[in-house]
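A.B. asks: First to last, the sequence lines map onto chains A and B. Going left to right, the first sequence walks through residues 1 to 325 as this note's numbering numbers them. Going left to right, the second sequence walks through residues 1001 to 1325 as this note's numbering numbers them.
Check each hint, because a few of them may be wrong.
[Stated by the list, open to error] Which bits of chain A does chain B cover? Going by a derived footprint, with three or more residues having C-beta under 8 angstroms, they are:
1) 36-45
2) 54-67
3) 90-98
4) 115-129
5) 142-155
Since the hints were derived computationally from the structure, they do not count as laboratory data. Source: prediction; values computed, not measured. C-beta atoms are modelled at their ideal positions from N, C-alpha and C, and glycine is treated no differently.
Number of protein chains: 2
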Amino acid sequence: MDDTVGQLGEREVLRRILARIGRSAAEVGPGDDAAVLAVPGERIVATTDTLVHGPDFRLAWSSGYDVGWKAAAVNLADIAAMGARPTALLVALTMPDDTPVAFVEALADGLREACAALAPGCAVEGGDLAASDTLTVAVTALGVLDQDPVLRSGARAGDVVALAGDAGVAARGLQLLFDRFRDADGAPVAVTDDAALTDAERTALARQLRPHPPIAHGPLAAAAGATAMMDVSDGLVLDATRLATASGVTVSIDTAPFAGEPLALTGGEDHALLATFPAESALPDGFRRIGEARMAGAHPVLVDREPPVGRGGWDPYADWDAARG
Amino acid sequence: MDDTVGQLGEREVLRRILARIGRSAAEVGPGDDAAVLAVPGERIVATTDTLVHGPDFRLAWSSGYDVGWKAAAVNLADIAAMGARPTALLVALTMPDDTPVAFVEALADGLREACAALAPGCAVEGGDLAASDTLTVAVTALGVLDQDPVLRSGARAGDVVALAGDAGVAARGLQLLFDRFRDADGAPVAVTDDAALTDAERTALARQLRPHPPIAHGPLAAAAGATAMMDVSDGLVLDATRLATASGVTVSIDTAPFAGEPLALTGGEDHALLATFPAESALPDGFRRIGEARMAGAHPVLVDREPPVGRGGWDPYADWDAARG
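Same shape as in the complex, but just chain A (with noise of 0.2 angstroms):
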């Protein structure tokens, strides 16, 4: 039970993650030198996302099922926000030798049951396992699509924008371990069944460790005319400023969709779809208006019709300092 990487060795962890990351849909799936994957429509959307112990996850407040669910569920959002369907993912997973075999076993269920969740149809067909002295998930995810895909840089003054999913509910998960769940010396702790925690600091721990993102959303509003979308991963406020600036707009968020959320315009990490709609389109269920697309004017971004305050969101190499956790 207590068995390493480092003491089984490639080829047995390899067998035991395959054992577990679920059937394949592809021509040719794990165990050759690539997979080989059906692509109707002729183009494929392709994208990649990491999280590396530190920065994106703590072992004592991630499982390695959370750490496999979540490295999926961003890569998928990825996907989604161009409006395609998540049809694959490959995952390269680097760990130290001293990483138990159990661990690993997990960080496949979560990968798989994520797809399930999320993407249905959509599998592990491919990966690659290295040694490191950090543990670190490399995910790709390929999608196909139904119709063209959906930029950042398509919204036009006069569009609805729109939002589908959560907003700021993963940062009050992320800010509940850090004010609850660390100790004395700031290091992280576990969190045990014994913690006093609301039913809704519960929903906010479960959505900052294994986040929903609305995948199925994405085709959605490709279908239903969204003529710019991404994902929320950053924060609302900078990936809508990201937009914005894409599309050589203004984007006027209004925060009274937002009431009773604190960190809603800076939180990220819920992977929520941004969109804009033409202003006389009927949004697509799951999406609820959060103000409009203008022309572009001094601030790319305005909330409530005022400059917003702060950067708005998360910069890795700035905000993440091994030293301080």
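Chain A is fixed; fit chain B onto it per the hints.
C.D. replies: For chain B alone, kept in the frame of chain A given last:
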């Protein structure tokens, strides 16, 4: 000139990388949530392989350019080994915040120039930057097929076994680094211009640091009717064992073609293409006969008609020890 990625921040580091990785050939290249790529033929080949500082490269020995080149080359080889043409790379780069920006820029140069030299038309079409205590380059390569993929499992008794590319040259380069460019404590020291190296030694060093897998020969082999193919990344005997096992044959290797190359049988990292062809085929240019496939016997691989001695290659967890270096 001594700027670090932590000083510059993600956005500026990304800007500098994008300025160097070359021209996108994609419908949507870097900068949106995901890339959009044309896939003629309605199927794609996809693979991922990671280089980790420590087991896979040492900064005293490898420049940023070398690391970028090698990260591209090893992934391009996996695409070629399916008989496919590489079309795009996605690069997930994780690095400490004290990494010099000049190193990252050189790495981007290496990625670009490896694509240009080994797989013209292929470019970096997406990526991810993350902070980590361990410098890691996780690359995903995508490719397209002009005919059916060539798997490891298609070799038949009677087939000719052939190889394109070097065998053992990169391993000689690694041995040279370990033998002559470490200090008394075993730590790597830089290769200086005044190191007394023969031309053969310089070539071996260059091939270890910047391998030249025969990428164009993958599609050539497929077109010539190769029955099975894979790239030799861990050692000829070990990888031939994998091909033989997948195909249900015994691969009988003759050492005569490798006279004068002491590490040809066990050295990896040249990323030569090992392929089998029907006995009556003319081998495509660049492939040389190294043996034949036989009915499966007691051993998956024979070397000069005898079972091989030793493991025949590299296991990342069993063979790498951070303390040993």
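A.B. asks: Among all the numbered hints in the text so far, which are the ones the structure does not match?
C.D. replies: As far as the earlier hints go, not one is violated by this structure.
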